[in-house]
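Given these sequences and hints, build the entire structure.
Those protein sequence lines, which keep their order, are chains R and C. Okay, so the first sequence: first residue is 1 according to the numbering used here, each after it adds one. Okay, so the second sequence: first residue is 97 according to the numbering used here, each after it adds one.
Hints are computed from structural coordinates only; laboratory data are not their basis.
No farther apart than 25 Å at their CA atoms in a straight line, the calculated lysine-lysine pairs in the BS3-like style are these:
#, chain 1, residue 1, chain 2, residue 2
1, R, 11, C, 271
2, C, 284, C, 210
3, C, 156, C, 177
4, C, 267, R, 11
5, R, 58, R, 47
6, C, 277, R, 15
7, C, 269, R, 11
8, C, 177, C, 284
9, C, 267, R, 15
10, R, 47, C, 190
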Amino acid sequence: MQPTSGISEGKFDYKAGKLIKVRAVFEGDKIKEIKITGDFFLHPEEKIEEIEASLRGKRINEIEETLRESMGGAEYAGISPEDLTYAIREAWKRRK
Amino acid sequence: MDLRVIFDTKHRAYWNMGFDESLLAHLDEIGPTLRLYAWEPPAVSIGYFQSMEEEVNVDKAKELGVDLIRRITGGGAVYHKYELTYSIVLPAFKGRILDSYRVLDMAIIKALKKLGLEAEHHGINDVIVNGKKISGNAQTRKYGGLLQHGTLLIDVNVEEMFEILRVPEEKLKDKMIDDVKHRVTSLKSEGVDVEFEELQKLMAEGFHEALNANIYEEDVPQKIYDYAHSLEVNKYATHEWNFRR
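Quick look at the structure:
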């Protein structure tokens, strides 16, 4: 049984154009902590910290919209808001 | 366009990345600049977004005397030993960053042509020969300019590389090594034996042709070295930077 409340951890490696690795801590259905790593390209690079910050505190069903906003204006390759949404949802499904 | 060329030698990873960033930071003063260099001791550089601990067997790297460093550019982990590395700083191109890889990769393709190898741009940021990767490239834009650095493999030892790089599953390591052997090549594997200095000249000519640039050799002012040194010590050699993700 996957936890529906309390703290859980999930991770998922997703081979989109490049490899996207998601490591997340969930509190109920909210993202408490998240780290996105991999060999993708994102310009400007520092945007990754803003993207991670934008996800903290968000519910799992809010991530797609959040990412469309926080990744807006950035140029990327091997990662997209859709790829990242998928990877986070998969990490959520695998939470323990 | 005039393009300054620095025919450099082998340096430590921390200096190499510090110097590249310093060149970019001073682009306004020094103008478009190409540096051709190598690494001593060998090093693993990881992309800006990668996790050092997930990509690298840190203890093994220490034991083998391999330096570990995070780049300011994205992309994957690279084992720098038998290769020529270039960095180029230019005013940022108009248009998409991803399209500019194609333009700059032409320099490498032209240099390889001079060695009798037919190469082509592949995917986002690679150059391939006979279907195998021989060069990986990564770019960033900062300080109003563009920095692209990349490698040209002179030789490759996949077993040695995987002593240091982590694989997702240890039991699949042999298969991964086989896979990489089928996907990566080098000048030596393609039957080309060329001195480092000669390769530097050919790369400079490749950039001259690809960018239609006049090449000139001139050292940069001392302040560029001073800033590179400060970046080397205060950023690139620090645990805080290299292990931040």
